[in-house]
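K.L.:
Going line by line, the protein sequences match chains A and B.
FYI, my numbering numbers position 185 of the first sequence as 185, with every residue one higher than the one before it.
FYI, my numbering numbers position 330 of the second sequence as 330, with every residue one higher than the one before it.
Hints are computed from structural coordinates only; laboratory data are not their basis.
Glycine included, each C-beta is placed from N, C-alpha and C at the ideal position.
You may find that some hints are simply not true.
Okay, the calculated beta carbon distance ranges per label pair [unchecked claim]:
| # | chain 1 | residue 1 | chain 2 | residue 2 | range |
| --- | --- | --- | --- | --- | --- |
| 1 | B | 285 | A | 58 | 54 to 60 Å |
| 2 | A | 26 | B | 413 | 22 to 28 Å |
| 3 | B | 413 | A | 153 | 39 to 45 Å |
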Amino acid sequence: MLRFLTVRLLRAALTVAMVVTFAFVVLRMSGDPAQIIMGADAPPEAVEAFRAAWGLDRPLWVQYFNYFGAILSGDLGRSMRDGRDAIQLVAERIPATLALTLPALLMKVALGIPAGIYAALHRNSWVDRLVMIVAVAGFTVPSFVLGLLLVLVFAVQLGWLPSGGQESWRHAILPVVTLGLGGAAVLARFTRSAMLEVLGQPYIRTASAKGVPWHAVVTNHALPNAAIPTVTIIGFMMGSLIAGAVVVESVFSWPGVGRLLVVAVANRDLAVVQCILLLVAATMVFANLVVDLLYGLLDPRLRNAPKRAVA
Amino acid sequence: MLVTTRRTALFSAAALALPRFAIAEADQRPVVTIAVQKIANTNTLETLREQSNVGSRTWNSYAETLIEQSWTGDLSLRPQLAESWRRVDNRTVELVLRRGVRFHDGSEMTAEDVVFSFGPERMGWNLTVEQARNLFGTVPGQTAGRTPPPEVLAVARRTYPAFEKIEVVDSHTVRFVNRVPDVTLEGRISRNVGMILSRRAFEAASSWLDWARRPIGTGPFRVAEFRPDQILVLDAFDEYWGGRPPVRRLRFVEVPEVASRINMLLSGEADFACDMPPDQIGTVERSPRHEVVGGPIMNHRLTVFDKNHPQLRDPRIRRAFTHSIDRQAIVDALWGGRAPVPKGLQFAFYGPMFHEDWEAPRYNLAEARRLLREAGYRGDPIPYRLLNNYYTNQVATAQILVEGWRAAGLNVQIEMRENFPQVLSREGQRGVRDWSGSASFNDPSSSLTAAHGPEGQQWQINEWRNEEFGRLAQELDTGTDRARRRAVFRRMLEIAEREDPAYTVLHQSVNLTAKRRDLRWQPGQSFQMDFRSRNWGA
Numbered sequence: 001m002l003r004f005l006t007v008r009l010l011r012a013a014l015t016v017a018m019v020v021t022f023a024f025v026v027l028r029m030s031g032d033p034a035q036i037i038m039g040a041d042a043p044p045e046a047v048e049a050f051r052a053a054w055g056l057d058r059p060l061w062v063q064y065f066n067y068f069g070a071i072l073s074g075d076l077g078r079s080m081r082d083g084r085d086a087i088q089l090v091a092e093r094i095p096a097t098l099a100l101t102l103p104a105l106l107m108k109v110a111l112g113i114p115a116g117i118y119a120a121l122h123r124n125s126w127v128d129r130l131v132m133i134v135a136v137a138g139f140t141v142p143s144f145v146l147g148l149l150l151v152l153v154f155a156v157q158l159g160w161l162p163s164g165g166q167e168s169w170r171h172a173i174l175p176v177v178t179l180g181l182g183g184a185a186v187l188a189r190f191t192r193s194a195m196l197e198v199l200g201q202p203y204i205r206t207a208s209a210k211g212v213p214w215h216a217v218v219t220n221h222a223l224p225n226a227a228i229p230t231v232t233i234i235g236f237m238m239g240s241l242i243a244g245a246v247v248v249e250s251v252f253s254w255p256g257v258g259r260l261l262v263v264a265v266a267n268r269d270l271a272v273v274q275c276i277l278l279l280v281a282a283t284m285v286f287a288n289l290v291v292d293l294l295y296g297l298l299d300p301r302l303r304n305a306p307k308r309a310v311a
Numbered sequence: 001m002l003v004t005t006r007r008t009a010l011f012s013a014a015a016l017a018l019p020r021f022a023i024a025e026a027d028q029r030p031v032v033t034i035a036v037q038k039i040a041n042t043n044t045l046e047t048l049r050e051q052s053n054v055g056s057r058t059w060n061s062y063a064e065t066l067i068e069q070s071w072t073g074d075l076s077l078r079p080q081l082a083e084s085w086r087r088v089d090n091r092t093v094e095l096v097l098r099r100g101v102r103f104h105d106g107s108e109m110t111a112e113d114v115v116f117s118f119g120p121e122r123m124g125w126n127l128t129v130e131q132a133r134n135l136f137g138t139v140p141g142q143t144a145g146r147t148p149p150p151e152v153l154a155v156a157r158r159t160y161p162a163f164e165k166i167e168v169v170d171s172h173t174v175r176f177v178n179r180v181p182d183v184t185l186e187g188r189i190s191r192n193v194g195m196i197l198s199r200r201a202f203e204a205a206s207s208w209l210d211w212a213r214r215p216i217g218t219g220p221f222r223v224a225e226f227r228p229d230q231i232l233v234l235d236a237f238d239e240y241w242g243g244r245p246p247v248r249r250l251r252f253v254e255v256p257e258v259a260s261r262i263n264m265l266l267s268g269e270a271d272f273a274c275d276m277p278p279d280q281i282g283t284v285e286r287s288p289r290h291e292v293v294g295g296p297i298m299n300h301r302l303t304v305f306d307k308n309h310p311q312l313r314d315p316r317i318r319r320a321f322t323h324s325i326d327r328q329a330i331v332d333a334l335w336g337g338r339a340p341v342p343k344g345l346q347f348a349f350y351g352p353m354f355h356e357d358w359e360a361p362r363y364n365l366a367e368a369r370r371l372l373r374e375a376g377y378r379g380d381p382i383p384y385r386l387l388n389n390y391y392t393n394q395v396a397t398a399q400i401l402v403e404g405w406r407a408a409g410l411n412v413q414i415e416m417r418e419n420f421p422q423v424l425s426r427e428g429q430r431g432v433r434d435w436s437g438s439a440s441f442n443d444p445s446s447s448l449t450a451a452h453g454p455e456g457q458q459w460q461i462n463e464w465r466n467e468e469f470g471r472l473a474q475e476l477d478t479g480t481d482r483a484r485r486r487a488v489f490r491r492m493l494e495i496a497e498r499e500d501p502a503y504t505v506l507h508q509s510v511n512l513t514a515k516r517r518d519l520r521w522q523p524g525q526s527f528q529m530d531f532r533s534r535n536w537g538a
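So that you can see chain A by itself, here it is in the shape it has in the complex:
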């Protein structure tokens, strides 16, 4: 187990380092923050002074090692636009984003998995077809279209819910539903496919032939085996908790990390963008690590695989 954990932690660290490096290089190749932040009217001497003050005039590799060293010491840099620590700016926005993405994740799981299981158990029935039609629609309709549609119906026509902003919990309902429906559709499809595959396995037939009640076959044999692909998808969804609502936050004027990311990228506020990407990478890697560990719990064959390989 220790070796299993060590290998995965090392992989996770390497992945985060690669993301950080990629973000660092791409951001510096995509525009001069000094010119953008100071505006077109600033004289060239002032722009140069700005670059020197922020170390942007140094060779890229020097900037990179300085940046990496700072990260290791816990310093994620300061916003060039605001002057405050980047982590502080991002941390201020995280609760707003989590207020959307966590309920949305719950909604995805609560709707998507039961719908997928039910559809699989009633394959080719009208319920199955209905679930799949809804799932395909939810999967293919972009979130900004779905968001605007929900606003038109529930805010403009019916006047039941607010269309944007962050003043109360009611303002979160439509963005959460927008995020949740799309994800639930994805989960429903994956769960259905996984269940159908498992239900066709010989051990299911064996269990049924032995007289095990059908609900016990499903609960004890089918569901645990179908859980692995579903858990993988949920892992991805957990990884996008921090910055998975960029479009929805824009449509609903929700001041979360997603909108901060858009503004920071547009202004080449390097430290803020890098800080968000680092957090996103860390969240994604952590979620995958948890998924890897869950694989082991869900499927003993995977847990024992390293031992067998060593033997």
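Chain B: place on chain A using the hints.
P.N.:
This is chain B only, laid out in the frame that chain A set:
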């Protein structure tokens, strides 16, 4: 002897609290929410830094100038913080300040505040490059301080190119002194850069950035909260000299998507939605409770040239650009005919300086092709740096433009950019770009020289310069003979729009605002929004 018991203390506290509570309870004024595309490009509320159309929308609610341009009226100059003014000579204006005007911090406005507002502390007149290192107080290892960023000086110089000093005559009389004669001084004083701010508040601010995000002015509303990129909340300032504001609170909420702004309006969460494209008028007005108001404003949309680009050095190629634009088609297709094709970069409210017989270059593809042939243009690409609808209908306009240019034989390639600094960046090659030109007062020096003259942005960023135009700009700014100034202006139009094009006009800008039909509020002929009692429920 005064004996204080717990009971008397409680009664006293209740008595003190009651009137305020009662006042709050009695305040039936509405809270008004305005959905805007953007609150401020620079995330500051200091007009010396925020020189944008979006910033124009808010500044006059929290601050005021000595002389006001009447955007909701006849476009004349009117007293605001100065109750009167007179010309002392051709380079000096004496202004008598209104008495009893209070800043939002409770202090009374005096001549000292006027001196400060036009002085080096705010406008950075003496700024050196060394001091410019103190940028926004955000540079690591530097003291925050209140030194303004260097572009503040650039904007101040452009607005007051020959500013000399403010002389204090007495506590409520000042003299605005120019180094050279200038018949447009009153107009310049009316520009938003000249808003009057509290010296005391500036000195109490911890940094320039803090100050620029919460300026203390004299407007009918005070800044209550500013969360950059999110919301600007302005609360009524009941001691406003012009009377109690009719609105208790103004909320400018940033909603980048047009559809979302309209939805906020239609669902009742917003009372106003700004920057409406004309094709959304029907959508809004299908609701009986809403309407779209507005029309042409004192701003023209322009296509601007960088004459340093190898293909654009030859003025004949730029002229070909100007002749292959079907301006009327743009106006008809995208603006439903609401946006007039202007007579060059000038406005009718220039009065005697307006050249009625001047026209934008005619749409004439044959002429464009002839010019290109003469210039020996071989179809080399010319970049067109474009923003995604910063201006209403910007991308659609660009597509029509590019097709027109293609029809003439010009190979123009759109390059999408994210913001203005990227459009203006010296990195790579600039070719053509979009811009708009405003007239902030009724004289061509407010637009033609301010934007394209030696202190103008185009000149300063080395996009377009013309020696004769530079000399004429100076003459226009300092000349006092009306006939001569009129002739100079004419010649400047000939240079900048015909002989050596710096830009070409497309159409007059139209500013459309969707709003609740029951709110009696009039849009002005600029991007400014006036929420004073004179423009509310009248």
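K.L.:
Are any of the numbered hints broken by this structure? If so, which, sorted upward?
P.N.:
Failing hints: none at all.
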